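S.K.: Listed below are the residues making up each chain.
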Amino acid sequence: MKDIGWKVGGKQGEGIDSTGEIYALAMHRLGYFVFTYRHFMSLIKGGHTNYKIRVADDMVRHHGDDTHILIAFDQATVDHNWGELVDGAIVIYDQSSFQATPPTQANVHLFGVPLTDIARETGGPIMKNMVAIGVTAAINEISPEEFRPIVEDKFSRKGQKVVDSNMEALRRGHAYYQEHFQVHFPVPAKPVLAAGVDHLYASGNQATAFGALAGGCRLLAAYPITPATEIMYWVLKYFPKYGGVVLQAEDEIAAINMAIGANFAGARAMTSTSGPGFSLMMEALGLAGMSETPVVIVDVQRSGPSTGLPTKTEQSDLNEALYGTHGEIQRIVLTPRTVEECFLFMADAFNLAERYQCPVIVLSDLYLGMSYQSIAGFPLDRVRIDRGKLVADADLAGLSPFQYQRYDPSVPDGISPRALPGQPNGRYTALGNEHNGIGLEVEDLETRVVQVEKRARKLSGFQHDSGISVDGDAHARFALIGFGSTYGVLEEARARLATEGVIVKHIHFSRVGPFPAEPLHEAMAGVDRALVVELNSTGQLASLIRQHAGDHDKLASCLKYNGDPILCKEIITRCHEVFPAEVLNA
Amino acid sequence: MKDIGWKVGGKQGEGIDSTGEIYALAMHRLGYFVFTYRHFMSLIKGGHTNYKIRVADDMVRHHGDDTHILIAFDQATVDHNWGELVDGAIVIYDQSSFQATPPTQANVHLFGVPLTDIARETGGPIMKNMVAIGVTAAINEISPEEFRPIVEDKFSRKGQKVVDSNMEALRRGHAYYQEHFQVHFPVPAKPVLAAGVDHLYASGNQATAFGALAGGCRLLAAYPITPATEIMYWVLKYFPKYGGVVLQAEDEIAAINMAIGANFAGARAMTSTSGPGFSLMMEALGLAGMSETPVVIVDVQRSGPSTGLPTKTEQSDLNEALYGTHGEIQRIVLTPRTVEECFLFMADAFNLAERYQCPVIVLSDLYLGMSYQSIAGFPLDRVRIDRGKLVADADLAGLSPFQYQRYDPSVPDGISPRALPGQPNGRYTALGNEHNGIGLEVEDLETRVVQVEKRARKLSGFQHDSGISVDGDAHARFALIGFGSTYGVLEEARARLATEGVIVKHIHFSRVGPFPAEPLHEAMAGVDRALVVELNSTGQLASLIRQHAGDHDKLASCLKYNGDPILCKEIITRCHEVFPAEVLNA
Amino acid sequence: MITIKDFKTEKATWCPGCGDFGVLNALQKAAVNLGIHPDDIVVVSGIGCSGKISQHFGGYGFHSLHGRSLPVAQAVKLANKDLTVIAAGGDGDGFGIGMGHFIHAMRRNVDITYVVMDNHIYGLTTGQASPTSDVGFNTKTSPYGTVEAPIHPIQLALAQECGFVAQGFSGNIKQLTQLIEKAIWHKGFSFVNVFSPCVTFNKVNTYDFYKQELVNLDEDDTYDPHDRSAALARVAGRESMVVGLIYEDTGRPSFEDATYGFPEEAIAKRDWSLSQADLAELSATFR
Amino acid sequence: MITIKDFKTEKATWCPGCGDFGVLNALQKAAVNLGIHPDDIVVVSGIGCSGKISQHFGGYGFHSLHGRSLPVAQAVKLANKDLTVIAAGGDGDGFGIGMGHFIHAMRRNVDITYVVMDNHIYGLTTGQASPTSDVGFNTKTSPYGTVEAPIHPIQLALAQECGFVAQGFSGNIKQLTQLIEKAIWHKGFSFVNVFSPCVTFNKVNTYDFYKQELVNLDEDDTYDPHDRSAALARVAGRESMVVGLIYEDTGRPSFEDATYGFPEEAIAKRDWSLSQADLAELSATFR
Ligand SMILES: Cc1ncc(C[n+]2csc(CCOP(=O)(O)OP(=O)(O)O)c2C)c(N)n1
Ligand SMILES: Cc1ncc(C[n+]2csc(CCOP(=O)(O)OP(=O)(O)O)c2C)c(N)n1
Ligand code: SF4
Ligand code: SF4
Ligand SMILES: [Mg+2]
Ligand SMILES: [Mg+2]
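Chains as they are written, first to last, in our numbering: chain A, 1 to 586; chain B, 1 to 586; chain C, 1 to 287; chain D, 1 to 287.
To be clear, the hints were calculated from the coordinates, so they are not data collected in a lab.
The model shown is predicted, which means the values in this text are computed figures rather than measured ones.
One or more hints might be untrue.
[Stated by the list, open to error] Listed next, the in silico BS3-like pairs over lysine-lysine satisfying Cα-Cα at most 30 Å (straight line):
id, chain 1, residue 1, chain 2, residue 2
1, D, 5, D, 29
2, D, 8, D, 29
3, C, 269, B, 11
4, B, 237, C, 140
5, C, 140, B, 45
6, A, 237, D, 140
7, C, 269, B, 45
8, B, 554, B, 569
9, D, 11, D, 174
10, A, 237, D, 203
11, A, 241, C, 269
12, A, 45, D, 269
13, A, 241, D, 140
14, B, 389, D, 269
15, C, 269, A, 237
16, D, 5, D, 269
17, B, 241, D, 187
18, D, 203, A, 154
19, B, 11, B, 158
Go ahead and model the full structure; you've got the sequences and the hints to work with.
M.R.: Right, dumping it as structure tokens:
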């Protein structure tokens, strides 16, 4: 795999995002595999923002540790990103507005280009972004014309003139660089895609939304919140065509109760949110559990606690996902590892919710949710709709009213078939109170026990995929462990360690509830020491493993909690710290 | 210790509660130690209710397994309570309204007394309760006159006539029994109280409220919910005199945010609730954590999940108390074991909240909260007020505005002194966003890390009592473990096992967060096998111990989750099941 | 033919004389009169004595959370537009903890009916002040008398341009039945506030009290329930102590009618699976 | 003497031209005019662009949670009655997620001032429909135009008998300053809704739009801001497109004044410890 890291940075509101988008999409359309990461802040204008694009000749699942080309619209961009520049990196700064100074001595080419001045000549200062892309094209040794399709896509509805002036800005940037500088970072050779590979460009949030639609979801009730709102946008775009409804709720409490109501009525419905909203949903989560109503909740995690860092990533809602709400309910907590799994798990989340008649929480995060990347297609053919146990009209036909036992405790697997409102003879009351078989609240001791145990049985027979993946040498004495969005970077770390001669296995959770105890036990066989990598400050996954599996002494933690996604080299460094030399050199 | 178990039962709205109250209070005033447990339902009229009173000649912390005297106003009462009657028990049933039938054969005296008919003769059918107490007096071999002070207390504001007719009903019941029946259960000999012992009658909820007042709390914001509302009632009664304010909030979200606001402003403030309300507080819990605002939250647990069994007890909010809210905050979770500890821990909760500038959750439950009992006084002299680090006016005097670092990350213990609004030169903004020292939201990586670590340091130096108590033989190879309200019954079980020759130690958590790992480790030294007793269905405490301490193989669980408090014999039975015979006979 | 018998379940657990019996009765009668089959109607309630109505009504029910009947009910309707959906609950439930949802449900205008059993007290929790308790009312949580002004549900509904606003009384089941019928019939969100005495914990707002106080707008020929300003003035003047149809606006489109792409067929009745062709088409939008 | 300089903090992070600058400015000026020392005033805000006002104002601040400024603010005031307490936030914050608290704060009537920066949009989350967005408004979450009716904050406040109701405009800082002064001066809960344009995400409700649309009640001698019915009628007619003092009722006692035993001295300034004698007396009530 060959790759190159490109980044553009400046103030929010300066057009950094669209510059990044255009470059990324252009590279993707050229056939490369890209991975993007947007660094932004919780204010609308001002504040440092940057957009990192990794361009590779094979699939990458991480934005990469390094930057080869940095476009800087201000000195802050130079300062903030200096540390990640590779030896010999090129920094292009907007000479029209400032004179860049290197923060430390380094082998970096600091090239001033009058981006804004050139832009002014072609249509206005905002065009400086296109000039910068032109400069990039020159550095990458690609023709400006390669960008034309994207530019047309983006601007043709504003008229040919706008397209032309954008192309002109791009060409001028290209020309200026060609004229003044000799250093280049050519893009890798174009990859040849295998037949049948669908080379797509998607974010985790989009994949989540698409997966929901594919999985039969036709009602989304949500309240806007970064970084989850994009799920709403995608759904808003496509639901009308497929007969779905989007509710912008007055708050997250309404949102989850709406999703529960719609599921009760027989639709597949969901809500999507992030930490603060998720915390508000705790009471209703219990209602879904107690009333045995399916519901799917997506939590696109961000840095907490409280309002925290709304535009930064973290994996710190694991505990709440597993333990939030008073009392005890059955729940399923999925932690998709990739964009493709966002799609697939969402489609399946509705099956699990209906099959086990309980809430399914899908824990994504800002990094996975908002990073766009090239993938080799969605697993469309793996989408199935399985509605679980719905009582057949025929089974109700013979019954007199209120004979139907919605909460029949005698079913061996604990899963009693659901009737849907409108179904003849299926009348019952769903409720959050303890209840008897027909849905009347009761407070007698025996019924209580029988119903608690009925509900508990539902997940004791849980069947899905194994919940963890194991990559690398099955006999390795040393393991990297993670969950969710860190899959890509852990795989890179494993590969890089292998080049150092360090053999590790990589155990990754794609589900934390029900906890995949047995598969973990097998995976941990022969492992002397494991590094649990997670983006939080207390090591929630490590605690969970300790609780379920013991292994207290084998586990060490690699934690990151500054809001930035973890880098490959940070993991490697931590490995060198915590693993005994003899293991590393085994 | 000698004791006797008395119970009255019937339909809700029939006056069962006041009958129980009168009998309990009378026995208490006579100098006995009583423990009461009210079994009731979540509807206003109808439904079976009963009131159990245990009368003993020494302190008891449990309502007892057995019933010696049962007053039954309906057959349901006979059926429901038959199983707990001792050999030779007396059942008095209201012959005026039904003919009792024994559910099974047993050595029980089933005596019909025309309670309602006698009542009608003295003032009306509602008086049947007083007749029943008179009957009880006869069985107990106490003079009806012993009840006069209570009857006067209760009815004198309604006039002498009402007092007289109640006393008359009581006397008639007494006489009727004397005349017709010979069997007796005399109360034990009156205990002689040691000098200085204050023989008081209180519930956990009352003690909680009193403790809050003693601890300086002067603002309670709460929303009514069973079984926590009594805290509000007590506070409403006494706050006006001591300058406090009670807010009946529009919901629990408002309630906790109010408590946070008042604490920020420099008052000591709290909220009280039960499960459903507690779940609604999860977002604001994170705000208190992130903004480092002290706040005290009382969760009087009831049977969950969701609305669950609102009038039944459970210990199932442990997980939410420890792990609720997204992201990661510092919190303290106290689990008082007794009425006295409800008082003391509440008083101290405000100290801890201010000292560590974080939320303190006090986990009580319906059983501890609503059961009235005799105690030997509150530890009044142990009440201290320690406001933690408040910045002195003098320290602010030299500063210019916005120089004061509310969130100064450089303090070694992580606890930076608070300024209170109105204090000259102390201006800052408290907030749930990540922030810098002066309380401005920031998103830069270094500040984030520094602040996360600042907050984490606060509890790493946590100091309070040990968090667990250890009773019994220090060298026992076998342990009973519990938390909170089960302390009394576990002590009884330990004592009873001792009479069987089984030596156990009883380890009891009075705090679960910060987890008392070190004391537990010491307590577990030499223990081969431990039974973790808790009132929930998943063994939350056991999981917590596994997570922190390992000991996976040593632990077995004794779980109860039908809504009733656990009985001593249930624990003993489970001990016999799970402990290897050689341990039991060691 | 559907008769009231088709709705009968086991006896309701309310205290004898509770106003909620009247509401239950009127609701069942309204359904019968409108010819609604009990299998096709859903009552979604919150928590409170009033909340038990979903179990007692005899149709499908959802006894949800305290204050959350409206979000649940709106979604039930949107998921299956062929159902008749009633949200119901108490004054604490709807105007205390549920106030935000109430106001927003009026904005949203989903075609459901909301019936509040307003007894000016928290019944199930045995007698605390409710948001509609009058100033000075003594309860367990207001031993010195409430100091907060009561919520004015009718005025709020008018202020927020709710399309159907009515008020009834448990003591007049005939009128209440008619009001509920009209409310169900109304397209869009309809609101019926009912004075439903709590005989156990509220000794002030009794049947007798209401019989004396209430003015019946339905009997007033001069009253025009289509003039919002007039309604506001009339109601504000009488401190909302009126019963009858207070306001109806038949012109406002429901959420369902106004929403672009709202499915013709009830969502719950559709087959949701997408063909591989559809999936491929969607997938192609990611190129 | 206190001057505006005493309130100055680092530059606010709003977009250039944002209406919230005007609100901040007016709030600071009002405080200066009333002679309030910055150490004695607390601004409690929710989350949103508007919510940043607590950091920018220059007094004590609490930047709380989305929708929760009012519960926090009321308690700050009750805990220390010597402070001037302002709650502030956006239209989403106050009329969306915070609606329940808004209505209940009006009932409770604690002596604080609530300023809403109403830009008809969710600003901080980059442009979704807000509860006050007009029908048909296109946003990221309403690509086909909003279908929900907008919240009518002024009408709701009048319906709920809020004791002080005013509306201002960021484009008229002078009037806004006066309104805020009066609101702070008012004893009890006071509400000032401010049209505060979001120049980045709302291209409809702009400065120009408001300059054209708004009618200034303060300049209308025939308008009597003490007649609630008249206010309701006037406001309903103009769809609340008015600015000025809309209604004031000086007769209603504040929560603090109405509450039995409300402490004379600010709670936060008292010594809370009880003597052993007091404790013993309380303890004796348990005998
Ligand atoms: C979140 C939550 N808070 C509090 C409660 C306790 N609770 C149950 S019913 C109720 C109030 C009942 O009053 P209302 O809604 O007026 O109904 P009513 O019983 O008078 O019909 C309360 C506070 C609860 N179940 N859930
Ligand atoms: C519980 C919760 N839900 C959602 C959010 C995300 N959020 C932050 S600000 C905001 C809305 C902002 O709109 P508004 O209140 O009108 O303020 P403005 O930015 O327009 O001033 C939202 C939805 C949040 N912070 N917390
Ligand atoms: S307590 Fe009141 S509201 Fe509840 S059932 Fe009894 S009468 Fe009805
Ligand atoms: S986005 Fe709008 S509301 Fe937010 S700061 Fe910019 S102009 Fe103001
Ligand atoms: Mg009520
Ligand atoms: Mg706004």
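S.K.: With reference to the structure, classify each hint as holding or not holding.
M.R.: Verification of the hints:
Distance restraint check for residue 5 of chain D and residue 29 of chain D: the Cα-Cα separation of roughly 10 Å lies within the 30 Å cut-off, and the hinted pair is therefore satisfied. The straight-line distance between the Cα atoms of residue 8 of chain D and residue 29 of chain D is roughly 11 Å, inside the 30 Å bound, and the hint therefore holds. A threshold of 30 Å between alpha carbons decides the hint, and for residue 269 of chain C with residue 11 of chain B the separation of about 45 Å lies outside it, so the pair is violated. Our distance criterion of 30 Å between C-alpha atoms is met by residue 237 of chain B and residue 140 of chain C, whose separation comes to about 10 Å.
Taking the CA atoms of residue 140 of chain C and residue 45 of chain B, the gap is about 18 Å. The hint holds against a cut of 30 Å. Taking the CA atoms of residue 237 of chain A and residue 140 of chain D, the gap is near 10 Å; set against the 30 Å cutoff, the hint holds. For the hint linking residue 269 of chain C to residue 45 of chain B, the alpha-carbon distance of about 41 Å lies beyond 30 Å, and the restraint is violated. Taken as a hint, the residue 554 of chain B and residue 569 of chain B pair is honoured in the structure, with Cα atoms around 22 Å apart against an allowance of 30 Å.
Taken as a hint, the residue 11 of chain D and residue 174 of chain D pair is honoured in the structure, with Cα atoms around 21 Å apart against an allowance of 30 Å. At most 30 Å may separate the alpha-carbon atoms for a hinted pair to count; residue 237 of chain A and residue 203 of chain D meet this at roughly 22 Å. Distance check on the hinted pair: residue 241 of chain A and residue 269 of chain C sit about 17 Å apart at the alpha-carbon level, within 30 Å; holds. Pair hint residue 45 of chain A plus residue 269 of chain D does not hold up; C-alpha atoms about 41 Å apart against a cutoff of 30 Å.
Between residue 241 of chain A and residue 140 of chain D the alpha-carbon distance is near 18 Å, which keeps this suggested pair within the 30 Å criterion. Between residue 389 of chain B and residue 269 of chain D the alpha-carbon distance is near 16 Å, which keeps this suggested pair within the 30 Å criterion. Annotation: proposed proximity of residue 269 of chain C to residue 237 of chain A holds, straight-line Cα distance about 22 Å (limit 30 Å). Simply put, residue 5 of chain D and residue 269 of chain D have alpha-carbon atoms about 28 Å apart, close enough for the 30 Å limit, and the pair holds.
With a C-alpha separation of about 25 Å, the suggested pairing of residue 241 of chain B with residue 187 of chain D holds against the 30 Å cut-off. For the hint pairing residue 203 of chain D with residue 154 of chain A, the CA-to-CA distance comes to about 21 Å; that is within 30 Å, so the pair holds. A threshold of 30 Å between alpha carbons decides the hint, and for residue 11 of chain B with residue 158 of chain B the separation of about 25 Å falls inside it, so the pair holds.
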